[in-house]
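Please build the complete structure, drawing on both the sequences and the hints.
The sequence shown maps to residues 707 to 1177 in this note's numbering.
Misleading hints may appear alongside valid ones.
What the hints assert, rightly or not - Straight-line Cα separation of at most 16 Å, EDC-like style, residue types lysine to aspartate or glutamate; simulated pairs:
| hint | residue 1 | residue 2 |
| --- | --- | --- |
| 1 | 914 | 776 |
| 2 | 1078 | 1067 |
| 3 | 919 | 782 |
| 4 | 1083 | 1067 |
| 5 | 790 | 810 |
| 6 | 989 | 936 |
| 7 | 989 | 923 |
As the list claims (entries may be wrong) - Here are the in silico distance ranges between beta carbons for each label pair:
| hint | residue 1 | residue 2 | range |
| --- | --- | --- | --- |
| 8 | 950 | 1000 | 18 to 28 Å |
| 9 | 932 | 776 | 37 to 47 Å |
| 10 | 956 | 1068 | 44 to 54 Å |
| 11 | 996 | 794 | 25 to 35 Å |
It is worth saying that the hints were derived from the structure and are not from the lab. The structure presented is a predicted model; accordingly, all values stated were derived computationally and were not measured. Cβ atoms here follow ideal geometry from the backbone N, Cα and C, with glycine treated the same way.
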Amino acid sequence: MEAAQPKPPAGADAARRLARGCWSAFWDYETPKVIVVKNRRLGIVYRAVQLLILLYFVWYVFIVQKSYQDSETGPESSVITKVKGITFSEHKVWDVEEYVKPPEGGSVFSIITRIEVTPSQTLGTCPESMRVSNATCDSDVDCVPGQLDMLGNGLRTGRCVPYYQGSAKTCEVSGWCPVEDGASVSQFLGKMAPNFTILIKNSIHYPKFQFSKGNIEHRKDGYLKRCTFDEVSDLYCPIFKLGFIVERAGENFTELAHTGGVIGVIINWDCDLDLSASKCNPKYSFRRLDPKHVPASSGYNFRFAKYYKENGSATRTLIKAYGIRIDVIVHGQAGKFSLIPTIINLATALTSIGVGSFLCDWILLTFMNKNKVYSHKKFDKVCTPRRFPDSWPVTLALVLGQAPPPPHPCSADPGQAGQALAAPSPWLCPTSAPSKQMADPPQQTAGPELCTSGPSQQDSTLSDPRGLAQL
707 MEAAQPKPPA GADAARRLAR GCWSAFWDYE TPKVIVVKNR RLGIVYRAVQ
757 LLILLYFVWY VFIVQKSYQD SETGPESSVI TKVKGITFSE HKVWDVEEYV
807 KPPEGGSVFS IITRIEVTPS QTLGTCPESM RVSNATCDSD VDCVPGQLDM
857 LGNGLRTGRC VPYYQGSAKT CEVSGWCPVE DGASVSQFLG KMAPNFTILI
907 KNSIHYPKFQ FSKGNIEHRK DGYLKRCTFD EVSDLYCPIF KLGFIVERAG
957 ENFTELAHTG GVIGVIINWD CDLDLSASKC NPKYSFRRLD PKHVPASSGY
1007 NFRFAKYYKE NGSATRTLIK AYGIRIDVIV HGQAGKFSLI PTIINLATAL
1057 TSIGVGSFLC DWILLTFMNK NKVYSHKKFD KVCTPRRFPD SWPVTLALVL
1107 GQAPPPPHPC SADPGQAGQA LAAPSPWLCP TSAPSKQMAD PPQQTAGPEL
1157 CTSGPSQQDS TLSDPRGLAQ L
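Below is the structure:
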């Protein structure tokens, strides 16, 4: 008596079935099925979504953003500046060589409008400034000899000496004396500064499109010697008055001249190279760049010194300058028609229109799918007919429409296949378009409409199952 074969575990059998099912489903092909749903509300939603997507791409993407163009940002740029004008203070007349720093004429420069001068500084010992922390003292004990404060003006000697004015005392330091706070004199240079003229010469180049242009009009009649900038009449005369720049930046000139500040002159070159070069024009804007509302860092100032010899000893004049710094900033973008971005954006637009179908399918199957009517019409499973020996007459009869459909191939039971042949299922009524099915709302019909074939057709197919009589 043979030993009983051990049965495989149920888990292994289930895993094999799952693997066979996944492998079979991997080779399935899915194709969309077109169903016409006669529902006005759903149709309004569908067309509204399509219209919004179409307006977005036509108006914003193609007209505003000009996505049909190949673009280049950040042009190669050069800036040359030149300041002209004369002003005076309480003690002297100032020309451009003295109040413009640095004098090279680059894209960043400063115009001095107020100075605090500490004249005739020499190397020696003097009281430290009272603004330095721990500089005040009552006796020599409070001053540490050799101490060096990074925020101070020199090396402490260890002595406590009277301050420049008043009865206060500070520690003595060795350095350039007198210190700045002890003997500085303020001078204002801003009386004539609003009338200073600034020439800003700018040229740009877009290497991708080999396009170059400048902001000065090419004329030989001395045009630049008698013009000033105007957005309408003199756009290509980049000569600006300092008062005009400060006013356009929204600042008060007198206040700005006393405390100093940073003003940005922004030149924007946005060029549509599908048009003529005359349509590519610079646009100027002005604004203050430094944070004027922050007391700890508001204003702009810097120090420099002039050195000379006096009675054989090294002497200097220390100047703390307040001024208006001008930063010329150039940016822009150029675009020109290109086929590749046009095709990409057109394909994106056509693909995005399908969002309307996705949204309406979700509404249809989620909120309107009463009794699963739409699900049954939308999702079908079609299996490939089995091929039997000597079955070419049946296949030909099926093509000609003269034979009933073969048994369902998904069933593995031969008995079921025979039953399918003996009692074919009713056919769905054909529609006017073979590739579409008409699906009415659920309240109109509870399921797909069924119809039966005529008696003559049934008799012919039963008497001649292979359709040979029609051949």
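Each hint tested on the structure:
no., hint, in the structure
1, 914 x 776, "10 Å, holds"
2, 1078 x 1067, "14 Å, holds"
3, 919 x 782, "11 Å, holds"
4, 1083 x 1067, "13 Å, holds"
5, 790 x 810, "13 Å, holds"
6, 989 x 936, "11 Å, holds"
7, 989 x 923, "15 Å, holds"
8, 950 x 1000: 18 to 28 Å, "26 Å, holds"
9, 932 x 776: 37 to 47 Å, "42 Å, holds"
10, 956 x 1068: 44 to 54 Å, "52 Å, holds"
11, 996 x 794: 25 to 35 Å, "27 Å, holds"
Of the hints listed earlier, there is not a single one the structure fails to meet.
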